[in-house]
Amino acid sequence: MTALGEFALWIALPISFWGMVMGFVGGKQGRGDLILSGERSVYLVFALLAIASLAITNAFLTDQFQYQYVAGYSNRNLDTYFKLSGLWAGQRGSLVFWAVLLAFFASVTVFQNRNKNREFMPYVVGVLQGILAFFLVVLLFAGVNPFEQLGFMPADGQGLNPQLQNYWMTIHPPVLYLGFTAYAIPFAFAMAALMNGRTDSRWIVVTRRWTLVSWFFLTNGIIFGMRWAYEELGWGGYWFWDPVENASLLPWLTATAFLHSIMIQENRGMLKVWNMSLVLLTFLLTIFATFLTRSGLIESVHSFAQNTSIAFIFLAFMGSIFVASVVLIVYRLPGLRSENQIHSFLSREAAFLFNNLVLLGAAFAVLWGTIFPLVSEAFTGQAISVGPPFFNRVNIPIGLILLALTGIGPVIAWRRATRRNLKRNFAIPLAMGAVVVGIFLALGARNGYALTTFGLSAFVLTVIATEFWKGTKARARIEGEGFGPALVHLVGRNRRRWGGYIVHVGTVLIFTAFAGRAFEVEVRKVMNPGETVTVASPFGHTYTLAYEGISSSVEENFDRWVALLSVQRNDQAVGSLTTERRFYRVNRQMVTEVGIRSTALEDLYVILADVEDFEGMVGNDPDAQRIVVQVMVNPLVGWIWYGGVILTIGSLIALWPSAEARRRSAALEPAMAGGS
Amino acid sequence: MKNGRFFVGLVGVALVVTYLVWTGISDTMVYYLTPTELMAKVEEDPSFRSVGVKVSGRVVPGTYEQGEGELVHLFQVQDIEHPEVTFSVIYQDVLPDTFTDETEVVLEGRFGEDDVFQAKTLLTKCGSRYEATPEDLAEKEIAE
Amino acid sequence: MVIVWAILLVGISVFLILQPIISGQEAPLWSAGEEPSEAQFKKRVSLLQLRDAEYEFAMGKLGEEDYQILRKEISGEALKAIRAEEAEVAGGAPGAYAESNAEIEEEIAQVRLQLSGGVFCSECGHPNPGGSRFCAECGTPLQVPQPSGQS
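Residue numbers (the numbering used here), protein chains in the order written: chain A, 103 to 778; chain B, 4 to 147; chain C, 72 to 222.
So here's chain A without its partners, still in its complex pose (with noise of 0.2 Å):
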């Protein structure tokens, strides 16, 4: 069965090739059978894709160790819900994963096409099949193939990573993936609009949705990545700047800055090359991202793989699609030249503009810092490191300006902004602003980039709150409505704006908790049962931590030993909480999990650093009991979560689809969102 997986891959290859020479033939031509060509060859290669797919989970779930790929990344004991997720745990998996990601929203374009944006889909299935050709050219040649054979049969496998045996396992990479994957369609649109020349606004419009989803995916998958090294790695941290992150960070910067600038093009008809190069770069960074990651060129301790021949195909990949998508932009620059210009700094499109800007120059920062490395040791044979004190160091500023924008932009003016408009917007929000800031002075906080975190927050979500108020009563009043109601048609009439609002809060909220780790407060401490250890919370209260007693087991993966500390807050008990070592047999690697006690302020944090005797524990010897916590009181951190829920929210009202467009939508019509 299994092989039949690996048969579909190779059916797959030159079907890809079919649909990318129809495609681009039967649209320079005319020749609507040759597109039906490509466009069914589209739903074949996803299906024969899906085929692979579904072969390698169930040769993970059959413990079928003949193949390298399997024995590599499972074991007979480990849990299901890990065999399950075998497809993406590693390197040669996760190139299927991404391909079949990619066929299956191919497929969903040209469905939902079917009779619309027909001067676009002929090239739309080009270049999709094109990338996906690609794919399998690697998959097939490079040496990557999952469907390797050991020759031999092992007696069992090497299990997976104990640090990739946690939930989050099953949840981040795919999110991650469909954020990546997601975006080659609007690249494919704006390749198509270069190719037919409609270098209007049009292929902005049908993409808008795409843009959207991938973006909610991508900071999805990124927000849920850092609750999985918060949860799993145990240092109280939740971004280390490693390369592999990086490289998740670099497209959902410049998708940020292209969600924004494409509205500047749909309002004032410009920055149409400006946007031509970003989704173009944006697509070559989410490719860029799976090259990273999967050809070990950087250094990493997230470093998953050692075929490195991987890295040239990549390249001459990225090198070609830039190349030819550069000389398409030449080509078509009269028709992209802008309608409009910027008449004034102090104009909404100017804060957009800064906004890609700054968005772009932190890209180029946190690309500089993970390649220069590389580069450098490339020049000058001598190898350096560059970490977090970089990347810190250049990205607060960046952070800062741009939470301020997100306050300026709803408010500022199109076109030009007056004096009196300023005055009359932003008076009240600034006020707002240097109000938190004087009450964290006087709570005694002195970190200058949390006190400007703090005011720029009250700040941005003053002129959100304001926003709000201000809309639904000007609606009430002239719809007569009441205020309930006003709130809902007001958003229902504008999803876009409204529900970018709202994102906004949730970014805020984000950037919020960020601020609270300059008031990070750790304790570590020796301790036998019945000591305790005191904390003290930025917050004024304190916890003190009874070590209670360590208990060890042996379970079907792993032995264990679970300390368990019960919590009291100022003085009254709360609760308690337990932190463990696992010891994975199979993989001789002993995991830290940590306690976490959250509250809406703060996080309590407990590891258990170190246990001094652990045969004496097994004996459950009285003595042999003492360990080493460090306890760790993380202000705000979940703000983090709570902003990704409510900007998950917001993305979801944005792409909602109006009562409006849902009836153009069936009188076949492309569905438009609402307005600025």
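Think of the hints as simulated: they come from the structure by calculation, not from any bench.
Here are some, though not all, of the chain C residues that point toward chain A, as calculated from beta-carbon distances under 7 Å: (1) 95; (2) 101; (3) 130.
No more than 27 Å apart at the CA atoms, straight line, and that leaves these computed lysine-lysine pairs for DSSO-like: (4) A:627 - B:123; (5) B:57 - B:123; (6) B:57 - B:128; (7) B:128 - B:44; (8) A:572 - C:143; (9) A:218 - A:130; (10) A:572 - A:525; (11) B:44 - B:57; (12) C:143 - A:575; (13) A:525 - C:143; (14) A:525 - A:575; (15) B:44 - B:123.
Treat the numbers as computed from the prediction; the structure is a model and nothing was measured.
Here a beta-carbon is modelled for each residue, glycine too, at the ideal position from N, C-alpha and C.
We have chain A; now place chains B and C onto it with these hints.
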């Protein structure tokens, strides 16, 4: 192009970012050396002992011991390519879960006057790889 | 067994992708429904900008002077787009797209009416000029709105 203002903004931001990145890298980058290179550098320039560096190597099996005080760890690290080059390390903090008597490690810290490397951070290379090689699996088969 | 499935897969695939070429079955080259022309698209953009300007004025975000200037500018653009649209579609039946444009125009008119102090009657919908206490059409007493905080 009509959008003069656009270009002014672009160039302005580009300059600021370039400045930030340039100074950022020069101020925060650290040399990433092998033990052999570290020894050579220190010999060449004794003041190098006060500079923070990053060193990669492997823990010499059997040299690990706990020091006096809380969470103090002492061990020797050898150069992977030239195992005869070793130096002592002292590290006071929680050990990473994957630390064993023979892991590859990446240390960040200073090489002190007493020829002991004071490590501020310690990272282990996750059991060298995530995926098994055919050789690993073949061994497994024979052992069973 | 696997060979059988594999051959089946190849067969189906080849059939599906070659069939259109052999039989001449075509995918549509042109879209079925009404898609906006460039002029219609520009008109819609202008209308939405006008609507937003009206709302921002009603909300008090935009001052009176700024609002008048902006409105004149956008109206000028809208007019250009409307002329271009009329040149394109000489007497064609309005499709769903044009209908939704008309809806937006109505919305703008409604906002304008509110701003000028006038009000739609809640009973019969008749637009009454500012200052009216009773509906001119059906005589129902009118809810008089409070002016927004614009001064």
